[in-house]
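Protein chains in written order, with this note's numbering: chain A, 21 to 155; chain B, 444 to 513.
Calculated directly from the structure, the hints in this document are not laboratory data. One should not assume that every hint holds.
[To be verified] Quick look at which bits of chain A chain B covers, simulated, 3 or more residues with Cβ under 8 Å:
(1) 24-34
(2) 85-97
[Said to hold, decoys possible] On the chain B side, residues computed to face chain A include the following (Cβ under 7 Å):
(3) 470
(4) 471
(5) 473
(6) 474
(7) 477
(8) 481
(9) 486
(10) 505
[Claimed, not checked] Think about it this way: if two alpha-carbon atoms lie no more than 30 Å apart in a straight line, the pair counts; the simulated DSS-like pairs of lysine-lysine are:
(11) 495(B) <-> 445(B)
(12) 445(B) <-> 457(B)
(13) 495(B) <-> 455(B)
(14) 84(A) <-> 457(B)
(15) 84(A) <-> 495(B)
(16) 495(B) <-> 466(B)
(17) 98(A) <-> 466(B)
(18) 84(A) <-> 98(A)
(19) 457(B) <-> 495(B)
(20) 445(B) <-> 466(B)
(21) 466(B) <-> 84(A)
(22) 445(B) <-> 455(B)
(23) 98(A) <-> 495(B)
(24) 98(A) <-> 445(B)
(25) 455(B) <-> 84(A)
(26) 455(B) <-> 466(B)
Where is the CB? At the ideal position from N, CA and C, for every residue including glycine.
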Amino acid sequence: MVTSELLSAFRRVMFAITGLTCLAYAVLALLQMRPDPFPFWIPGILGLISAALIFALASAAGRKNAQQAFDEGYIMDKRRAEAHAFWIALMLYPIFGLLMTTVAVALPTAFGAMGTLTGAAYLLLFTYYDAIGRR
Amino acid sequence: MKLIVHVTEIRKAKGLTQADLAKLANVSRKTINTIENNVFVPSTILALTLAKVLDVSVHELFELPDTDSH
């Protein structure tokens with residue numbers, strides 16, 4: 021039986037895996053100075069698979085368990101992660117502007133790294149905020 | 444302003460675990476935990492729901508601290 025706790029844990033794991041994949045893509049892109057350190061479609065497809073699996077598990081858990089897992093505590097964590105990820109995404113512009121002029125990071129590499137870092141910021145912040153309230 | 448929360452005492456007096464209360468209020472155990480630890484201030488609807496399932500008034504669950512007024 022799928023409980024709300026199992027659904028929350030599964031969601032946290034899928035967000036962490038997708039976020040870490042995005043982060044790995046950005047770090048490898050910068051280290052290798054290339055826009056495609058591994059196939060470019062992997063982070064996006066992984067995100068879609070994660071969403072599909074979370075939706076499927078929520079459907080299997082039933083309405084009451086899904087409501088418990090996606091309650092107002094979840095919304096608070098989601099909004100907090102969105103707000104902080106927004107500022108991180110904005111800060112990437114001056115940081116990468118500096119990197120492009122000083123370390124000669126090419127625009128395609130910066131584009132790939134910034135895109136995946138933006139996704140990683142939200143996903144990993146949500147994972148962290150969701151985890152710390154469970155102690 | 445920090446809210447004074449009495450959910451833990453009242454929940455324990457009723458013999459309920461956080462998981463039991465979460466199920467009755469239709470929220471996650473984490474939400475109950477964060478409310479009890481004063482990390483999360485619940486919505487009016489959730490505060491009223493908690494009061495209803497614990498069979499107390501909202502004022503018994505939550506109170507504002509006394510502030511000095513001149």
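Hints the structure violates: just list their numbers, smallest first.
8 and 10
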